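Colleague: Chains as they are written, first to last, in my numbering: chain V, 1 to 272; chain H, 1 to 272.
It cannot be assumed that every hint is accurate.
In this list, chains with the same sequence are indistinguishable; a pair is considered to hold if it fits within one copy or across any two.
Lysine to any residue pairs mimicking SDA-like chemistry, simulated, CA-CA at most 20 Å apart [what the hints assert, rightly or not]: (1) Lys119 - Pro164; (2) Lys90 - Glu35; (3) Lys268 - Ser230; (4) Lys268 - Asn214; (5) Lys268 - Asp211; (6) Lys252 - Phe196; (7) Lys252 - Ile232; (8) Lys268 - Val215; (9) Lys268 - Glu233; (10) Lys252 - Asp263; (11) Lys71 - Thr9; (12) Lys252 - Tyr193; (13) Lys268 - Asn250.
Hints were generated in silico from the structure; no laboratory data involved. All values reported here derive from a predicted model rather than from experimental measurement.
Number of protein chains: 2
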Amino acid sequence: MPSPTIDGTQRGYVIPIGGAEEKLDNPEILAKFVELCGGKEAVITVIPTASQLDDTGSRYQKIFEEIGVKKTYSLPINERSDAQDPGYVKTLEKSTGIFVTGGNQLRLSTILGGTPIAKTIRQLNAQGVHYAGTSAGAAIVSQHMITGGSTGIVPTEGGVNLAPGMGLINTIVVDQHFNERNRLARLLSAVSYNPFLIGIGLDEDTAAFIDHDNVFTVVGSGAITVLDTSDIEYSSMAEARTGDALTLLNVKMHILASGARYDISNRKAYVS
Amino acid sequence: MPSPTIDGTQRGYVIPIGGAEEKLDNPEILAKFVELCGGKEAVITVIPTASQLDDTGSRYQKIFEEIGVKKTYSLPINERSDAQDPGYVKTLEKSTGIFVTGGNQLRLSTILGGTPIAKTIRQLNAQGVHYAGTSAGAAIVSQHMITGGSTGIVPTEGGVNLAPGMGLINTIVVDQHFNERNRLARLLSAVSYNPFLIGIGLDEDTAAFIDHDNVFTVVGSGAITVLDTSDIEYSSMAEARTGDALTLLNVKMHILASGARYDISNRKAYVS
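Please take these sequences and the hints and turn them into a complete structure.
Modeller: As structure tokens, then:
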């Protein structure tokens, strides 16, 4: 569950990005994130834990600096003991925006899960600090996080692997590189397990800017596929054997390109 | 438009198959087709025109004979003049079942389109002769036939190429190898052009047995994905530039595994 918001404050934006966002020519998504965080006055802290490359944190610091941010930090959290470090927590608390890079989402959940850093991220977001994460950093936003699964269109029993994520928004399950890696089958499998979940499939260079009312706007060059199984009339999930194709009647799907909006709480898509 | 049925007769089954149907061990789809056509007493005529392999027709004759059919024919129609041959039309008229093989659906439309053979297929089907076609032979069932397009999930303007097909059933657009070749994007593009169309995405070794009431039952090891855009609230198709991701609000999708049914006329899915 998301941390409760404190009276008088609004939750910060939660911005899952589908990976491979434009970083140089016209970094629309990152620039819009910076703008929300205060533009030049923004303080952006990068968490590169998902990546195993040494320079991922400094690379993103440089990108944010090129966009105009004066103050950036990167927290070199590589193991669970790092995520207990009171100094890192203090740095994090100075942020107006937190950026979590791509890599392996299981590194995020296994290294950050249950630590002061994870707790602080959740609390800061509840207090108005904006959170953006790309690829693995997007997946971890989910309470029920996809860690793997089968590609293609048709869902199967056992066709998706879930693990507990950070749960900044608990009713959505986020998938990334969605069109590029043909991930409809695994996202459909996930939302078929329990239709309270809304599936959010993010293409590369595409982000959902989710505001404090749980309404998101699509930003970027691709699309976001929304899967809503709340009106489903029948699912064979409970009876199917592992690997069997499923029968699912009445899945609602929205394909949302740049500028389109979706109200997560009311399960309603808009174009204006 | 399908040929009108004659009083007292029912249209034969129309059976699009998603390609790569099982032919040896347990040829469920082909055996069910044979059963409908009269079992041992069936007279099956194979039309291998889509294929450019010399033995496609004789190969299917052998498969049907192994299933128990005593009388099989193959019509070696390789150019338009062949499709005018009165002898071939006479052979066709003896059939209780017509089987159109895979290959290139543009060979079917360019060679058969507007010929006595095409006319006879439509008339015979209207009079109760069953039609089965795999891959290209499934595509040609559509009035608006998919001949190519982009793969993936997210539809685009220009993301599908259509050509006139045989139109045995004029409200559906059939796609094949659907899960295997990730063809959701192109089928979604097709049904977005005009929502009167229902998209039928057939996995390999999977068939829609469409009866005279336009209700089909799924047979085979994969699934059929049905796309219904009739309740769509918004489509950006008319404004989008070629290659742009589309916004489509409120697409209805059904995933139907073996045994599930769909009523094309009433746009309703069932499991019993």
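Colleague: Now tell me if each hint is right for this structure.
Modeller: Now the hints, each set against the structure:
Taking the shortest alpha-carbon separations for Lys119 and Pro164, only the intra-copy value of 14 Å comes in at or below 20 Å, while the best inter-copy value is 60 Å. Taking the shortest alpha-carbon separations for Lys90 and Glu35, neither the intra-copy value of 23 Å nor the inter-copy value of 75 Å comes in at or below 20 Å. In the homo-oligomer, the alpha carbons of Lys268 and Ser230 lie at most 20 Å apart both inside one protomer (12 Å) and across protomers (17 Å), since each shortest distance falls under that limit. Within a single copy, Lys268 and Asn214 get their C-alpha atoms as close as 11 Å, which meets the 20 Å cut-off; across copies the closest is 32 Å, which misses it.
Taking the closest pair of Cα atoms, Lys268 and Asp211 come within 20 Å of each other only inside a single copy of the chain (15 Å); across copies the shortest separation is 36 Å, beyond that limit. In the homo-oligomer, the alpha carbons of Lys252 and Phe196 lie at most 20 Å apart both inside one protomer (13 Å) and across protomers (18 Å), since each shortest distance falls under that limit. In this assembly of identical chains, Lys252 and Ile232 lie within 20 Å of each other by CA distance both inside one copy and across copies; the values are 8 Å within and 10 Å between. Only within a single protomer do Lys268 and Val215 lie at most 20 Å apart by alpha-carbon distance; the minimum there is 9 Å, versus 31 Å between protomers.
For the identical chains of this complex, Lys268 and Glu233 are neighbours both inside a copy (19 Å) and across copies (11 Å), given an alpha-carbon limit of 20 Å. Taking identical chains as interchangeable, the C-alpha atoms of Lys252 and Asp263 lie at most 20 Å apart whether they share a chain (14 Å) or sit on different chains (18 Å). When the C-alpha separation of Lys71 and Thr9 is checked against a cutoff of 20 Å, the pair qualifies neither within a copy, at 23 Å, nor between copies, at 80 Å. Taking the closest pair of Cα atoms, Lys252 and Tyr193 come within 20 Å of each other both inside a single copy (15 Å) and across two copies (19 Å).
Taking the shortest Cα distances, Lys268 and Asn250 sit within 20 Å of each other both inside one copy (16 Å) and across copies (9 Å).
In this structure, the earlier hints numbered 2, 11 are contradicted, and the remaining ones agree with it.
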